[in-house]
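Trainee: Going line by line, the protein sequences match chains F and Z. For the record, in the first sequence the residue sitting at position 303 is 303 according to this note's numbering, with numbers rising by one throughout. For the record, in the second sequence the residue sitting at position 79 is 1079 according to this note's numbering, with numbers rising by one throughout.
The hints are simulated quantities; they were obtained by calculation from the structure and are not laboratory data. Please note: incorrect hints may appear among the correct ones.
Claimed, not checked - Interface residues of chain F toward chain Z, partial, derived using beta-carbon atoms under 7 Å:
#: 1; residue: L210
#: 2; residue: T212
#: 3; residue: P214
#: 4; residue: T218
#: 5; residue: G391
#: 6; residue: S398
#: 7; residue: P429
#: 8; residue: G431
Here a beta-carbon is modelled for each residue, glycine too, at the ideal position from N, C-alpha and C.
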Amino acid sequence: MGRRRFWLRIFEKKRGHRRTVSPRVAFVIEAAFFTSLIVIGIIGVLIIVVGYLWPYWRATHQFRPHWARVLDTRIAEQADGENRLFRPEIFIEYELGGTTYQIWTYDVQTLAGNGFLAERRQALRILRSVQPGRSYRIYYDPENPAKAVLVRGIPWWIWVVGLVPISFLLLGIAGLTYLGLFGGWLGAVLNREPLRRRRPDGDSPNGTLLATLPKAITPQESPGTRLAVRLPVSSGGLWTLGAFGAGCLLWNGLSVMLAGFAIQGVVRGRPDWVYVGFVAALLAVGIFWAVWWLRQVWAQTMVGPTVLEVSQQPFLPGQEYQLFISQSGRLKLDCLEVQLVCDERAMYCQGTEVRVESRCVVSVPILRREAFQIEMGVPFEALFPVSMPAGAMHSFRSAHNEIRWSIVVSGSSEGSPCLRRVFFLAVYPPGVGTGA
Amino acid sequence: MSTRALADQPRVILRLDRHDGVYQPGETLSGEYRLEGISRRDLEGLEVSVLWRTEGKGETDTGTHALWRYATELGDWLDPRQPGRFSTVLPAGPLSYQGAIVKILWLVRIRVFLHRQKPLTVETPFQLGEVRSVGPTSGATGFDR
Chain F
1 MGRRRFWLRI FEKKRGHRRT VSPRVAFVIE AAFFTSLIVI GIIGVLIIVV GYLWPYWRAT
61 HQFRPHWARV LDTRIAEQAD GENRLFRPEI FIEYELGGTT YQIWTYDVQT LAGNGFLAER
121 RQALRILRSV QPGRSYRIYY DPENPAKAVL VRGIPWWIWV VGLVPISFLL LGIAGLTYLG
181 LFGGWLGAVL NREPLRRRRP DGDSPNGTLL ATLPKAITPQ ESPGTRLAVR LPVSSGGLWT
241 LGAFGAGCLL WNGLSVMLAG FAIQGVVRGR PDWVYVGFVA ALLAVGIFWA VWWLRQVWAQ
301 TMVGPTVLEV SQQPFLPGQE YQLFISQSGR LKLDCLEVQL VCDERAMYCQ GTEVRVESRC
361 VVSVPILRRE AFQIEMGVPF EALFPVSMPA GAMHSFRSAH NEIRWSIVVS GSSEGSPCLR
421 RVFFLAVYPP GVGTGA
Chain Z
1001 MSTRALADQP RVILRLDRHD GVYQPGETLS GEYRLEGISR RDLEGLEVSV LWRTEGKGET
1061 DTGTHALWRY ATELGDWLDP RQPGRFSTVL PAGPLSYQGA IVKILWLVRI RVFLHRQKPL
1121 TVETPFQLGE VRSVGPTSGA TGFDR
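Same shape as in the complex, but just chain Z (with noise of 0.2 Å):
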């Protein structure tokens, strides 16, 4: 499972390691990430986190599971020709979850913050444990199997 930014130049590559993007609580997420198109001199800071994130009617509001920051101001090196790899392993919850007006998501996001230029961001779904969706329409009754 891949995703590319939609600007050709540069671009950011965000692979998770299991490529039906299907994992269970206390499982291990890995994955890669290679920046192309990236001078060194341009990159100032890089940012992998994976969260939950609700969808739907309501507001938006996110969770931090786990968040990696590298930043050149604080001493890290960044060389954008090296690919990075991130892992952690997964909580219990909150699972992933399709309701009528509430979604939760979990992703991977990478954000990479270059020299006068708006930060890249990337972004990899993928599904946390596996809850029964609940029916399109309102006023459900059940599960749907």
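Isolated chain F (complex conformation) (with noise of 0.2 Å):
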């Protein structure tokens, strides 16, 4: 009998003008690098809040005000490679509980061993603000007396940092979660068998086929107003409008904190003019990115629902069913139009990506209107016949491979596109039950 092969098979055979790589091998790859995104972003995290955030938030809720006398005023100075940072600490004297107290402090930062400035005329301003001999508010540590602060709250700029983390851990997650989107690939991938072992199906009439077709959905679960199913709009796009507005903002919150950096250098009179550039570069990509993100949030809230019931789920080629469809909002279209289409997925191994392609393979206009107004309140609504072409193939979803029947609803305003809606259907082949 055949033999299994255990080895880690690196490539695969080549296919067509591309070389597979192993999918098990992609998948590791892949699994490892967004842990280790995970695990960098929880690091930097935890430094973050157990190292800043926890002490800036104990210091700003939990110390309690008193009043202490500066006595003294002085710059530390601490060597950091060629340079020189600078740390202003104030002197103070304080008694709590019959306990004079007599410390060297400024921020939680200070007290901690940190909080260094890269300019000593940065901590000279900071000491002009106190004056020896006089009473200033301060903050002390109630579980520690002799922990002290004059000023508290937590500085704007470890939340920009913070964001640096966070896009690690985002990423990582989002990583993982993109591959467990694809349950089926890698279940196929992992449990992957000799055909010999599989459980033979015998003759079991459409068991291969029910598994390859999309649930249609019943009047029970979608009913409709005035026809028997409505059918749900595609999620899709919300989701990537939704994952390009989070990388949006992380992109921007990552370029603003560089370009604080390069404003720093500059202010400074030591400005580094690639790193400007770069910077500047960056904000500029990112502006973009805004501008175009907050153009389709607001094409999306503005235009309103649609929806789009039909008189049966699924459908089966040959036949004709009714449609109707309702577009609310206040819109004045060049054009609406309403299309049956076919779309074929195709999802492959690329290197260590899986990608997915998609065409169009079949595009039916049902109905078209031409330069008409949609007022407030007063939604737009057809009620129309579509026929499904004699002969057309089925709905059908592999773990790698689909062929997608739709309805697509899209509207063009002032000349460009401001509405796309896609409802998916159900197709059968002929002879199977419409309950199936």
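Take the two lone chains and join them into the complex the hints point to.
Mentor: So this is what it looks like as structure tokens:
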């Protein structure tokens, strides 16, 4: 009998113009990469939370106010390679519970041995705001009264710096989620076995067919008001928009942080123009991205909901059905078009990436209205027939391949697209019960 | 319709009863196979399957509609001199399809497992149903008749 191969296969045979890497290796590499991003993100978040956020938060919310007399001030120095760093330190005296405390302090970072600044004059500016001999409000730690600070509050830069590990964390989680979404693909990869090891299916009439057909929505699951079934709108666009929004936020957050450093260099009179140019390019991309994203959000929110109902699900080739569309909102449309569309989607591995290619193979116009206006509260409504072409392929879905039928509602206003809503249909082959 | 293994010896001859190889859902697919150049001592197992397979841009997916397995180690009597027959009622789908980047092929596959040799595999495609294929170019907007 055939022997099963146990060694780790790096490359598979060449397919067309490309050489595919083993899906198992690709999965392991991708999973390891995204896991490492998560680990880096968690470590970064922990450092920021434990080392910075938590002490600042405690000083802000748990330290108690008191009064102390400033005895002296100084600037502490620390060598950082060729550079020198400076820290303002204020010597204060205060009395608590009969005990007199004398400490050098400024904020919680000073107490922790950190809080150094790049510029001496920054430290001087802070020290000029206090005068020895005068009393100032301080905040002491009730758990350890020997610790006290003159300033509290969480500095803004912590939130910006926090975006870096959070972005690693989100990218890692998104990556693993992305891998997890292809459960069928992973399952097929991890559980691939020689055919002889599979359970024989015998002569089950439609055993493999039903597993490849999308579930048809029943009137009980989604009843319509004019026709039997109301089709749900595809949420793919919203997910994409949300993902682009998160990406835009991260990109611009990091760009702003880097811009802060660039501005600091310019203010100091020692600008690194290559770095400034790089940051300017990042900001330009970020602004373009933000404008594009806001326009998309605007288009999505200004166009009202689209309701699409069908007389029956699933559709069968060669049969005629009724469609009802209702488009609300406040729109002046150049054109509103409803199309019956069939897409083929193929998923394949390229290197360590899983790619999905989609191609529209059938596009049949069903309805077209030109140059009209939809008023708020008065939706555009139309009831019209649609014929599934005789001999059309039915819906099909396997681990890596899909044939997907849909009703696409699209509209344009002032020459540019403003509306595109996709409603997926289940199309079954002739002879398969509509209740399948 | 028949298919022969590339190797001269041993070889498998697989033949479907219907010569045009076109079947409609619900019809019975039947055929015959013969093993040549294989001694009974070398024959360890035999597997006949009726399955669909995707081809095209994406990774290959398969679905087995019917499968028969015979193995000497399981006590099955295998005589390579005797031709074998198979028969199954075909399902309603998935129908054979020649798309732009997704294709669905139906085939009968015979795998013969020999002692200390690679399995011998022979496949014979057939068509299930009659779906109109789409045009060869991208962005097709209708059906080819």
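Trainee: Decide, hint by hint, whether the structure agrees.
Mentor: Outcome of the hint check:
no.	hint	in the structure
1	L210	violated, 9 Å
2	T212	holds, 5 Å
3	P214	violated, 12 Å
4	T218	violated, 20 Å
5	G391	holds, 4 Å
6	S398	holds, 4 Å
7	P429	holds, 4 Å
8	G431	holds, 4 Å
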